[in-house]
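Asker: Single-letter residue listing:
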Amino acid sequence: MEYIPLNFPFLAAALLAGVSFYIIIFKRNLIKLIMGIAMMSSGVNLFLVALGYRAGGNVPIYTDVPEGPMVLPVPQALTLTSIVINVAVLALMLTIVIHIYRHTGSLDSEKSRRLKG
Amino acid sequence: MLSKIVRTVANQLIVFILVFGLYVIAHGHLTPGGGFQGGAVIASGVVMLLVAFGSKELRKSLRERVLTIMESTGALIFAALAFAGLGTVFFYNFLVGTPVFGRIPPTGPGPGDFWTGGFVPLMNFAVGLKVVAGLSAAVLALALFASGEEMEE
Amino acid sequence: MRQVAGLILWLVLVAFLVWGVLLIHPFGYPPSAMDDYIIENAQEQTGNNNVVAAVVFDYRGFDTLGEATILFTAVTGVLLLLRTLKRKENDL
Amino acid sequence: MAALITHSPILIIAIPLVAAFLTSLIGMASSRARNTLVIASLVFVAFLVFALARDVVINGIRVYTLGAVSPEQTIPTGFMVPVRIILEVDGMSAFFSIIWAIVSLAAAIYSLSHIASETGQTRFYTLLLLMVAGGFGMMFTGDLFNLFVFLEIASISGGALIAFRTKFADTQEGGFKYIVVSAIAGLMVLFATGILYAQYDSLNIATLAQVIQYTTLDKIALALLLVAFAMKTGMVPLHLWFPDAYSVAPASITGMLVITSHACMYAAFRVCFTLYGRVIDSPVVGWIIIVLGLLTMFVGVTMAVFQKDVMRFMSYHAISQLGYMWVGVGVGLAVLGNSALLATYGRDAMTGGIFHILNHAMYKPLLFFTGGALFHCTGTRDLTKMGGLAHKMKWTTILYIIGTLSISGIPPLNGFSSKILIYESAYQFHPILTVTGIIVSILTLASFTKAFHSAFMGAELPEYEMVKEVPKSMIIGMAILAAGIVFITLFPGQIVDWILHPAADALVNHGAYISSVTGVIP
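Each protein sequence line maps, in turn, to chains A, B, C and D.
So that you can map any letter, position 30 of the first sequence is 30 in the working numbering, and since no number is skipped, the others follow by simple counting.
So that you can map any letter, position 75 of the second sequence is 75 in the working numbering, and since no number is skipped, the others follow by simple counting.
So that you can map any letter, position 27 of the third sequence is 27 in the working numbering, and since no number is skipped, the others follow by simple counting.
So that you can map any letter, position 30 of the fourth sequence is 30 in the working numbering, and since no number is skipped, the others follow by simple counting.
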């Protein structure tokens, strides 16, 4: 209910995205790369849903809710959409990684790179 | 395929998971949840069956073709509900004020009435159908491929 | 060399992100004109007690149609990529 | 008819969507019915697109509020900002949608025989239609989050289609790279959307454009959006994934991917000119775009010279050609604040850049289709292994020559008209732009001549004795695009008047875009 200094939840979201950037830049294992993208999407989702928080707010659902302010509904809807989109992207990426592994016998992005130039 | 204990328990549990999933879908316009969430609950039940019985056994009762038809049907119902408002505007909530799901709840906090929400409950069902079929089909296909089974077209 | 370049790129990105989020409005006190309108009018206009459901399926229903389409796309893609490559006699 | 026009913005997006859902059902029963449905829906959509574009050019911007009481009621009664998702079609959107309608129809017809021997055709066509819907959604939407959703639809279906031929390893890697790049770009767009939403509590582009302040946060959001869309269009230095993905897809899909990268370019223009149009620090952003555009032109063409793989060779040329458009529109952006310079050469430079998009959208898919035809007949993409194919494949040879002459900017053809517009106007801005453009053009001609020589000319090779001309539907698909080239070549002035000037003016005139939603002229 009090003002949290330094926008802590936003900072957490940014750091989560930062860690995932580290994974995407430095890790060569394709599964780890996918995990990095999943973490990045979690960071963005956390950011979005934190944007909609209102101090002391209730859920924006009128069924048996106590009186008082409500948190913003739109960021929650955006987050829901974004989560489903990320599930879809991950499913497709994992499918392709299965094929890459079947073709090259390796999950290392350096070893499996056949396209050059 | 896992041991008999796991299979028996999974067989019993799937009923509860189905009921809970349907509850979440059906009350999406009143309580937290909705088509996506309830669909994910039921799809996780299907994944439990997949783990307990294995993909070959599960495939005997759940064909990919059936799942694909279910998914397309769900998507078509959703799109059709959106198209039905085209007399006014695409996505116009044409059911508000009609006897079907058309009641308007009193403004402010309240106990909630099932017959409200316009086309939202129907869309929840369409999306639920789609999500159940879609997620199950994707997981089943991955499991079948991993175990070297042939997929049907 | 590549490691160093990557490290610098990473540090720049993180600094950029952290700098950005520190400038956002204080946590818990967002500007809320549009959302207040939705909270006040969702019950009357759409009949939903669940305001999030009203946003997801009514106010921003087109996004949800797109979202359902994305799931459909991904599942179709997964089934497409995991298909059998052998052709049957009556194959379509 | 009037009702059809009123609802056409949504119908153009929704018909391919519904057709995609139906395709996956009908495809189980009959392949002939499925193909008919695909082609019929695309023809109908193309008809709607032309009708809508004509209406937009004559009557101005058309808005469509989804779920409101009437399509024109953008703002709910008794409130001041839009709540619902609004589709907004102006000259620029109409221009891009015309391109997309033509190329997707040609690609679908081309696919009929190009993938006839493969399995999984039903899902292929389903994804193709979804990609069409995604592209139209990106072009028509007036909502930032909706843009992200349709960007993802186009990317995911595109990624799955790139990896369509699962028996080759390189297709999988290309598809994987494409999806990873799209996912990262999509998350950046989403993050920028969140930043803008956090400040102004709105997701509508017109509303945001009206209230935007150009604070530090807005600059961060602008950087994120521009980097994300530039990455998706393969701008140097973020181009490394581009040839990997484009060279391995089925040729019909590669042709469509070119236009999805144009759709991302449209999104970048929309961000620069409309969303930030009122406040943008235009010389700085314009110069950044121009410099990167020059780099893109040059790097693309120099890399292309060394390629042996025909599709890879053309992908690098696609990167290089995209540079021309960035330069042309970048010059317009750099002088956006100065109305005198804008009238002298800025508008012409932008018209040239947009004209080049139209030309590129005709000849580059055509060249990719001919590359696909070579692959279809010989089973290889290696130029060094081909030879003497002109004797066997007359139509493909003729169509390839049309494409080559057009991409190199040989005078009578359409590629020349757009390049000369860019050269003339960019010269007044800075001569180095024109010099680079001409050098790149010469290198393009040289490398395409070399490729032509190694694939089509020379003695007939014994291993290609059995090669025949490609099936009819592939020729029809290519001929549609060649007819487009011939039409633009014959009537360049009319094209400029009918559609290019309205498109360029729509970019400059952000006030009209804003006021048609909010009712207030900023």
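Because the hints were derived from the structure by calculation, they are not lab data.
Careful, some of the hints might be misleading.
Stated by the list, open to error - To be clear about the criterion: a stretch of chain C counts as covered by chain A if any three or more of its residues have a C-beta under 8 angstroms from a C-beta of chain A, and this derived list gives those stretches:
id, region
1, 1-12
2, 16-23
3, 28-35
4, 76-85
Glycine residues also receive a C-beta, built at the ideal position from the N, C-alpha and C atoms.
Asker: Each hint should be assessed against the structure and marked as holding or not.
Answerer: A quick look at each hint next to the structure:
Here the region 1-12 of chain C counts 4 residues with a CB under 8 angstroms from a CB of chain A, which clears the bar of 3, and the coverage holds. Counting residues of the region 16-23 of chain C whose beta carbon lies closer than 8 angstroms to any beta carbon of chain A gives 5, which meets the minimum of three for the stated coverage. Counting residues of the region 28-35 of chain C whose CB falls under 8 angstroms from any CB of chain A gives 6; the rule of at least 3 is met. Beta-carbon proximity to chain A at under 8 angstroms applies to 4 residues in the region 76-85 of chain C; the threshold of 3 is reached and the given coverage holds.
Hint check: no violations occur; every hint is consistent with the structure.
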